[in-house]
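Chemist: Spelled out from the first residue to the last, the chains are:
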Amino acid sequence: MIVIPYTILPGKPKPVHLPFARIKLNYKKTHKMTPVPVTALIDSGADVCFCNDMIGTWLGIKFKKDGSEKQFRTANKTKFNAIPFTVTLIAYGKTYDCKFYFTDVLPRHTPIILGQVGFFDHFKITFDYSKNEITLI
Amino acid sequence: MKAINLTKTLLKYKTGWVAIDETKMKVIAHAKDFNLISKKINNKQGIFIMPVSDNYFGFITLLI
Chain A
1 MIVIPYTILP GKPKPVHLPF ARIKLNYKKT HKMTPVPVTA LIDSGADVCF CNDMIGTWLG
61 IKFKKDGSEK QFRTANKTKF NAIPFTVTLI AYGKTYDCKF YFTDVLPRHT PIILGQVGFF
121 DHFKITFDYS KNEITLI
Chain B
1 MKAINLTKTL LKYKTGWVAI DETKMKVIAH AKDFNLISKK INNKQGIFIM PVSDNYFGFI
61 TLLI
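So the sequences go chain by chain: A and B.
Using UniProt numbering, read the first sequence as starting at 1 and increasing by one per residue.
Using UniProt numbering, read the second sequence as starting at 1 and increasing by one per residue.
Everything labelled a hint here was simulated from the structure, so no lab data went into it.
Some hints here could point you the wrong way.
Unchecked claim - If you want the footprint, here are the derived chain A segments under chain B, 3+ residues with CB under 8 Å:
id, segment
1, 5 to 12
2, 22 to 31
3, 62 to 69
4, 83 to 96
5, 108 to 120
Computed from a prediction, not measured in an experiment: that's the story for all the values here.
The C-beta atom is built at its ideal place from N, Cα and C for all residues, glycine as well.
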């Protein structure tokens, strides 16, 4: 069992508590890996995992408009496209291949979003805001 | 459990990316983007990186 604390970050009108994990990503085709862990939002409201395409480019992913793009919509119904690529996710003692959807439209402060398929299907996750902790089993 | 409070740590930074020492919770490097911060830290251990914002409030979730 892994217990990780919430992260308190600057916010207006007051600081916000966010469930941030720290993960590494590796792209097998290029053998490139994020040099150190990167913060990632654990988001039960996201159906899949997302990653900023700038990180994808750093991993050596070649983005092409070849029809593999998938359209998503935000809670306010704004539509955007993202391109799926399978990368290796390294987090809290687990290493596994995970499909991430790469896009340039994620909020700047959440460049990686860990959603239901790809993260919640690999961990049993409990959020306890009052105790400031997230438990991963 | 005590939350990780980065409000003071990030006070000086409004944009770009930072590298933070995991133990001291201090910023050890700052750069304009992911590419530059990755080059700056040069595989140092015991740190993590994150993008900076002066306001982390207002995230909305995503749906297929």
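Chemist: Next, verify each hint and record whether it holds.
Modeler: Against the structure, the hints come out as follows:
1. 5 to 12: This one holds; 8 residues, not fewer than the three required, reach chain B with a Cβ under 8 Å.
2. 22 to 31: violated (count 1)
3. 62 to 69: violated (count 0)
4. 83 to 96: violated (count 0)
5. 108 to 120: This one holds; 6 residues, not fewer than the three required, reach chain B with a Cβ under 8 Å.
Consistency with the previously given hints fails for numbers 2, 3, 4, ordered from lowest to highest.
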